[in-house]
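Asks: Chain G is fixed; fit chain X onto it per the hints.
Those protein sequence lines, which keep their order, are chains G and X.
The first sequence begins at 0 in the numbering used here and counts up one residue at a time.
The second sequence begins at 0 in the numbering used here and counts up one residue at a time.
Where hints are given, some of them may not hold.
No copy is singled out in the list; a pair is fine if it fits within one copy or between any two copies.
Said to hold, decoys possible - Taking lysine-lysine and the DSS-like style, the derived pairs with C-alpha atoms no more than 25 Å apart in a straight line are:
hint : residue 1 : residue 2
1    : Lys5      : Lys348
2    : Lys34     : Lys5
3    : Lys307    : Lys27
4    : Lys167    : Lys199
Source of the hints: derived by calculation from the structure; they are not laboratory data.
2 protein chains.
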Amino acid sequence: MAVARKMREYVENGSMIRKMFEEGARLKKIHGEDKVFDFSLGNPNLPPPAALKERLRAVVEADDPALHAYMPNAGLAEARAAIASRISADQGVALGGDQVVVSCGAAGALNIILKALLDPGDEVLVSSPYFVEYGFIADNHGGVLKAVPSLPDFSLDLGALEAAMGAKTKVVLVNTPNNPTGRIYSAESLAALARAMERKGRENGRALYLVSDEPYRKIVYGGASVPSVLASYANSIVATSYSKDLSLPGERIGYVAVNPAAEDLPNLMGALALANRILGYVNAPSLMQRVIAGMGEACVDVSLYERKRDALAAGLRAAGYDFDLPAGAFYLFPRSPLADEARFIALLKEENILAVPGSGFGTPGYFRIAYCVDDKVIAGALPGFERAMRKALET
Amino acid sequence: MAVARKMREYVENGSMIRKMFEEGARLKKIHGEDKVFDFSLGNPNLPPPAALKERLRAVVEADDPALHAYMPNAGLAEARAAIASRISADQGVALGGDQVVVSCGAAGALNIILKALLDPGDEVLVSSPYFVEYGFIADNHGGVLKAVPSLPDFSLDLGALEAAMGAKTKVVLVNTPNNPTGRIYSAESLAALARAMERKGRENGRALYLVSDEPYRKIVYGGASVPSVLASYANSIVATSYSKDLSLPGERIGYVAVNPAAEDLPNLMGALALANRILGYVNAPSLMQRVIAGMGEACVDVSLYERKRDALAAGLRAAGYDFDLPAGAFYLFPRSPLADEARFIALLKEENILAVPGSGFGTPGYFRIAYCVDDKVIAGALPGFERAMRKALET
Chain G
0 MAVARKMREY VENGSMIRKM FEEGARLKKI HGEDKVFDFS LGNPNLPPPA ALKERLRAVV
60 EADDPALHAY MPNAGLAEAR AAIASRISAD QGVALGGDQV VVSCGAAGAL NIILKALLDP
120 GDEVLVSSPY FVEYGFIADN HGGVLKAVPS LPDFSLDLGA LEAAMGAKTK VVLVNTPNNP
180 TGRIYSAESL AALARAMERK GRENGRALYL VSDEPYRKIV YGGASVPSVL ASYANSIVAT
240 SYSKDLSLPG ERIGYVAVNP AAEDLPNLMG ALALANRILG YVNAPSLMQR VIAGMGEACV
300 DVSLYERKRD ALAAGLRAAG YDFDLPAGAF YLFPRSPLAD EARFIALLKE ENILAVPGSG
360 FGTPGYFRIA YCVDDKVIAG ALPGFERAMR KALET
Chain X
0 MAVARKMREY VENGSMIRKM FEEGARLKKI HGEDKVFDFS LGNPNLPPPA ALKERLRAVV
60 EADDPALHAY MPNAGLAEAR AAIASRISAD QGVALGGDQV VVSCGAAGAL NIILKALLDP
120 GDEVLVSSPY FVEYGFIADN HGGVLKAVPS LPDFSLDLGA LEAAMGAKTK VVLVNTPNNP
180 TGRIYSAESL AALARAMERK GRENGRALYL VSDEPYRKIV YGGASVPSVL ASYANSIVAT
240 SYSKDLSLPG ERIGYVAVNP AAEDLPNLMG ALALANRILG YVNAPSLMQR VIAGMGEACV
300 DVSLYERKRD ALAAGLRAAG YDFDLPAGAF YLFPRSPLAD EARFIALLKE ENILAVPGSG
360 FGTPGYFRIA YCVDDKVIAG ALPGFERAMR KALET
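If we strip away everything but chain G, and leave its shape as in the complex, we get (with noise of 0.2 Å):
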């Protein structure tokens, strides 16, 4: 045996988003490309802003010497710092260039995380639905992911999440706006989340460490805010990125921001900027860093991604699909009409229409649709959509 028995494992059960989306690649070459209907992946279809290609091209014409070259492995002093004031002006914890590390994207801020803070064995917490990608990053660093499932309406079960705290327990995980729900959770979640790992700390005599993925954090609608966690807990550390709010999924450009109150900080930092280095990152990618530094709030259109929230809401509810209307990102995730989801989606795939179980998630009997998608993705869903629970509701 060549490969890892553990990747070996892995690439033959596949991932559940990765295997619809290859799955309609397949249907697209049979049917053509405008009679398929995928709603299986989280890649934004909004154009960056305007003003990203004016900065990129800034940055190009500047002639800087040291534009591609090696730099401290936490990143440009310049791209740092501009991150820290944002954090500052926007969540009110007053933040230093010092406590920010420009990462690879969300993916690889989460990975130098758990880098950095897990000894082997130590557990993770998730409240389920969670993003599928965290069992594996905290698995690369020999912790241990354990999910909590969250309320039906997809709160977080506080009573539950502090029961399941015990000695092993360094890290808990939460993703506000969530992936798959659109949950943001309330300030007062938060602060009864914070007050329950103090305790907890207490109890065991070490640090629980809370970390928020937050690549939502701009994509919410009607007014909605996301409250910070970073202003909730000391011992707190966002990981985030530019993927979603400047649609740049492809360029790897996120960051790190630890609380500046956090315990044992000298350390933690240098931990972090040592696991940037030895995970291979190295630094985020140079030139993305001196554009993202000079972003300022720019951001997609949001209310061009609540336009198509509203119009598949509608549909989907005249169709008697069952769903709380998702306060931020891009997904709904619906109850399933059929108890077996997976029964569900393969009613959908007869439809052309591509959706992720939410066995991928931690939960079963519910499915994810992506709808960062053209608005003429939904419309021509919709019918489908309507036929695929009549059947379901005549099986």
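Replies: This is chain X only, laid out in the frame that chain G set:
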């Protein structure tokens, strides 16, 4: 304790290369930029080829709506095909784009290769002196680095390497041209290594993989060329980057190329793409993939590095230093005139000269000089090198 035990230890011990780099920054503050001669870091000082900026502009102005989007984890088809065709032309092994994964530099490439291959406790053999990061990268993925000293001329000690190949050996990792010695491994030594690996593979009933880290392949002097590892052995994998030949170290762009004859090829390619995803790279930076796809055989002006090598070598020889003239890369690795090279490094520091002790490369009694620096740094340092040698001989 907040930070993972192992990471705390690493942070506290630091990297010798980075330590010297920071020491350099400190000395420059005290004595002035031009009074400190910093040979500690392999940060290329030549600008990228002029064609790079043109290509960058063309990619930015092309207005490709997918420019910054997600893509398959293995990379853009266009970049993979361009890389494969260059390797095929250069190394006489017919590769397709399917055997290439575009990576986050060579460090990213090595991380995904070892993640794909290593089961817990598997051993990675290297010939010392070796690049210090290898130990961290093997450890990231549950592996154990085992160093086998090279022969006095820094060529591979084939007998010792074969003797060190045991039941747990999964990978032999070579670095040609070598950092820190500049050694290029001959076709004969690669062929002999391949035969030994085939023998051991048969004995142990499992394949050994030959991984070649070769970011300096194009940085060679006096008409030297670098014999192909892919042409030497079926189970071979190349890890490399554009950091040195295009002077793009900050952009984190490189690739993995797998021998099409390698055992278990489809699973291996699947595991590499999956590792790219779950280690958080997701894909190599998308804009830079488009840039390198169009750079053809462009390379920095290597004759400038050769001139630096020759100026430094002549000055050091005149001062009595003992070393072989390297055929590639941009490092000299002289014998320390004091058995304890840390003491000699201290004498150099008295002259405001920064170099890295050989023990940082698993080879005490030597030190590394990275000569990818301004000509005036070399000229300015030579008197100090001479005084340090004189002091060493007097002790």
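Asks: Could you run down the list of hints and mark each one as holding or not?
Replies: Each hint, compared with the structure:
1. Lys5 to Lys348: neither (30 Å within a copy, 48 Å between copies)
2. Lys34 to Lys5: For Lys34 and Lys5, the Cα distance exceeds 25 Å both inside one copy (37 Å) and across copies (53 Å).
3. Lys307 to Lys27: Within one copy only: 22 Å inside a chain, 56 Å across chains, cut-off 25 Å.
4. Lys167 to Lys199: within (11 Å within a copy, 41 Å between copies)
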